[in-house]
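A.B. asks: Going down the list, the sequences are from chains A and B. So the first sequence is numbered by numbering that gives the first Met the number 0: it starts at 0 and just counts up by one. So the second sequence is numbered by numbering that gives the first Met the number 0: it starts at 0 and just counts up by one.
In case anyone wonders, no lab produced these hints; they're calculated from the structure. Where hints are given, some of them may not hold.
All copies of an identical chain are treated as equivalent in the list; a pair is satisfied when it fits inside any one copy or across any two copies.
What the hints assert, rightly or not - Straight-line alpha carbon distances no greater than 25 Å define the calculated SDA-like cross-link-like pairs of lysine to any residue that follow:
{"#": "1", "residue 1": "Lys35", "residue 2": "Ser46"}
{"#": "2", "residue 1": "Lys59", "residue 2": "Thr24"}
{"#": "3", "residue 1": "Lys5", "residue 2": "Tyr182"}
{"#": "4", "residue 1": "Lys22", "residue 2": "Phe56"}
{"#": "5", "residue 1": "Lys159", "residue 2": "Gln200"}
{"#": "6", "residue 1": "Lys22", "residue 2": "Lys37"}
{"#": "7", "residue 1": "Lys16", "residue 2": "His31"}
{"#": "8", "residue 1": "Lys80", "residue 2": "Tyr155"}
{"#": "9", "residue 1": "Lys37", "residue 2": "Ser8"}
{"#": "10", "residue 1": "Lys37", "residue 2": "Asp52"}
{"#": "11", "residue 1": "Lys16", "residue 2": "Leu30"}
{"#": "12", "residue 1": "Lys45", "residue 2": "Ile196"}
{"#": "13", "residue 1": "Lys80", "residue 2": "Val33"}
{"#": "14", "residue 1": "Lys59", "residue 2": "Ser133"}
{"#": "15", "residue 1": "Lys59", "residue 2": "Ser112"}
{"#": "16", "residue 1": "Lys35", "residue 2": "Asp125"}
{"#": "17", "residue 1": "Lys45", "residue 2": "Asn34"}
{"#": "18", "residue 1": "Lys67", "residue 2": "Ser8"}
{"#": "19", "residue 1": "Lys101", "residue 2": "Arg190"}
{"#": "20", "residue 1": "Lys37", "residue 2": "Thr79"}
{"#": "21", "residue 1": "Lys16", "residue 2": "Asp78"}
{"#": "22", "residue 1": "Lys101", "residue 2": "His31"}
{"#": "23", "residue 1": "Lys22", "residue 2": "Met92"}
{"#": "24", "residue 1": "Lys37", "residue 2": "Ala145"}
{"#": "25", "residue 1": "Lys45", "residue 2": "Leu30"}
{"#": "26", "residue 1": "Lys37", "residue 2": "Gly108"}
{"#": "27", "residue 1": "Lys101", "residue 2": "Thr187"}
{"#": "28", "residue 1": "Lys35", "residue 2": "Thr24"}
{"#": "29", "residue 1": "Lys67", "residue 2": "Val33"}
None of these values were measured; they are calculated from a predicted model.
There are 2 protein chains.
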Amino acid sequence: MNFSSKLLSNAVEEISKLPGIGKSTALRLALHLVNKEKGDIDLLLKSIRDLKDSVVFCEKCKSISDEKICDICLSVNRDTKTLCIVEDIRDVMAIENTGQFKGLYHVLGGKISPVDGIGPNQLNIDSLIDRVESEEINEIIFALSATMEGDTTNYYIFRKINKDGIRFSTIARGVSIGDNLEYTDEITLGRSIIKRIPFEQSSS
Amino acid sequence: MNFSSKLLSNAVEEISKLPGIGKSTALRLALHLVNKEKGDIDLLLKSIRDLKDSVVFCEKCKSISDEKICDICLSVNRDTKTLCIVEDIRDVMAIENTGQFKGLYHVLGGKISPVDGIGPNQLNIDSLIDRVESEEINEIIFALSATMEGDTTNYYIFRKINKDGIRFSTIARGVSIGDNLEYTDEITLGRSIIKRIPFEQSSS
Chain A
0 MNFSSKLLSN AVEEISKLPG IGKSTALRLA LHLVNKEKGD IDLLLKSIRD LKDSVVFCEK
60 CKSISDEKIC DICLSVNRDT KTLCIVEDIR DVMAIENTGQ FKGLYHVLGG KISPVDGIGP
120 NQLNIDSLID RVESEEINEI IFALSATMEG DTTNYYIFRK INKDGIRFST IARGVSIGDN
180 LEYTDEITLG RSIIKRIPFE QSSS
Chain B
0 MNFSSKLLSN AVEEISKLPG IGKSTALRLA LHLVNKEKGD IDLLLKSIRD LKDSVVFCEK
60 CKSISDEKIC DICLSVNRDT KTLCIVEDIR DVMAIENTGQ FKGLYHVLGG KISPVDGIGP
120 NQLNIDSLID RVESEEINEI IFALSATMEG DTTNYYIFRK INKDGIRFST IARGVSIGDN
180 LEYTDEITLG RSIIKRIPFE QSSS
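Required output: the full structure, derived from the provided sequences and hints.
C.D. replies: See below:
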């Protein structure tokens, strides 16, 4: 693109480095910022600066937090014996929004993916193992993506944890509630038939 | 959304105020920023700060510029007697990229749109009229959106300029080059038939 302003060109360049934002969107955002009130820009820049400078990761669950230990880990109303393993904080938020889980989380920070150069050492797996060994845990629920990488990560962790008395589970996979069968992909539908559940259990 | 961190929640709130960016995208961007190098964040924030603090609008054409007069208006290689009227700087960039126009521009900053509360006084129309009266202009080319608002704005400006010896034109409208007729909307196609051009002229 042919910019009339070096300042504009710089801003577009930097904004377009954000994921999912191309040059055209970056230009639209930059022009929007030029026309905005200075106070609004200050708020935006300050919020990003504060986030970067002050945010910490919870020492227990590795989720993003404002304090050393996050609110969920500190809460006295949670079942501390059940751990849900997730990829990142968005998954914590998604599960919290369902209101169906009262245990604690452990955020891995991704999943094992050799293609992307992510091995077990890049993930919060050692801290998970320490946690399972030092705390009283009854159940570990894997809530990772239903992909090959997710399954590999689940299996790696399952093999690494040598402790008796822990039940392992993965969140259920199958046809989404409300979905029409004709629009369900065939792998999901096929697995749903193989992993069918007794009718008496299906409505509970 | 249920955030574990006030800092994260603030950043998402501010980022989602940008046009076309919803809460989910804002969260994705905020988490990306958390994981980025501090130096990269500094560059991003500085580029936005510099853009906001130092950018100016060219005194002649009202385009975004780093100096009082922009490079295009300063250039000695441009035809100063032909003015192209556009809505915003993106249009200047789009026309410059074609390499087909060697005149000067005038950026209105929008188009007359009573629905959005934008009247002639919110646009750079007075400065355009001053410019036409004080400079030697032979031709004015309207390159606004091919919409009712664009046409209204063209007509308003056409009526306001009382000076002999100026040719007015609008950029051509019709079927896009490379387009299949069956996918062209019927209004464009209908107008293309009414405004058909002699065959000898069509290939020049």
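A.B. asks: Each hint needs a verdict: does it hold in this structure or not?
C.D. replies: Hint check:
no., hint, in the structure
1, Lys35 <-> Ser46, "both (16 Å within a copy, 15 Å between copies)"
2, Lys59 <-> Thr24, "neither (38 Å within a copy, 27 Å between copies)"
3, Lys5 <-> Tyr182, "neither (49 Å within a copy, 39 Å between copies)"
4, Lys22 <-> Phe56, "between (32 Å within a copy, 22 Å between copies)"
5, Lys159 <-> Gln200, "neither (32 Å within a copy, 77 Å between copies)"
6, Lys22 <-> Lys37, "both (24 Å within a copy, 23 Å between copies)"
7, Lys16 <-> His31, "both (17 Å within a copy, 11 Å between copies)"
8, Lys80 <-> Tyr155, "within (21 Å within a copy, 72 Å between copies)"
9, Lys37 <-> Ser8, "both (20 Å within a copy, 21 Å between copies)"
10, Lys37 <-> Asp52, "both (22 Å within a copy, 8 Å between copies)"
11, Lys16 <-> Leu30, "both (17 Å within a copy, 14 Å between copies)"
12, Lys45 <-> Ile196, "neither (52 Å within a copy, 57 Å between copies)"
13, Lys80 <-> Val33, "neither (52 Å within a copy, 30 Å between copies)"
14, Lys59 <-> Ser133, "within (12 Å within a copy, 72 Å between copies)"
15, Lys59 <-> Ser112, "within (24 Å within a copy, 55 Å between copies)"
16, Lys35 <-> Asp125, "between (46 Å within a copy, 23 Å between copies)"
17, Lys45 <-> Asn34, "both (18 Å within a copy, 17 Å between copies)"
18, Lys67 <-> Ser8, "between (40 Å within a copy, 17 Å between copies)"
19, Lys101 <-> Arg190, "neither (28 Å within a copy, 64 Å between copies)"
20, Lys37 <-> Thr79, "neither (47 Å within a copy, 35 Å between copies)"
21, Lys16 <-> Asp78, "neither (41 Å within a copy, 37 Å between copies)"
22, Lys101 <-> His31, "neither (42 Å within a copy, 28 Å between copies)"
23, Lys22 <-> Met92, "between (31 Å within a copy, 13 Å between copies)"
24, Lys37 <-> Ala145, "neither (45 Å within a copy, 33 Å between copies)"
25, Lys45 <-> Leu30, "both (19 Å within a copy, 16 Å between copies)"
26, Lys37 <-> Gly108, "between (36 Å within a copy, 19 Å between copies)"
27, Lys101 <-> Thr187, "neither (28 Å within a copy, 59 Å between copies)"
28, Lys35 <-> Thr24, "both (16 Å within a copy, 21 Å between copies)"
29, Lys67 <-> Val33, "between (38 Å within a copy, 16 Å between copies)"
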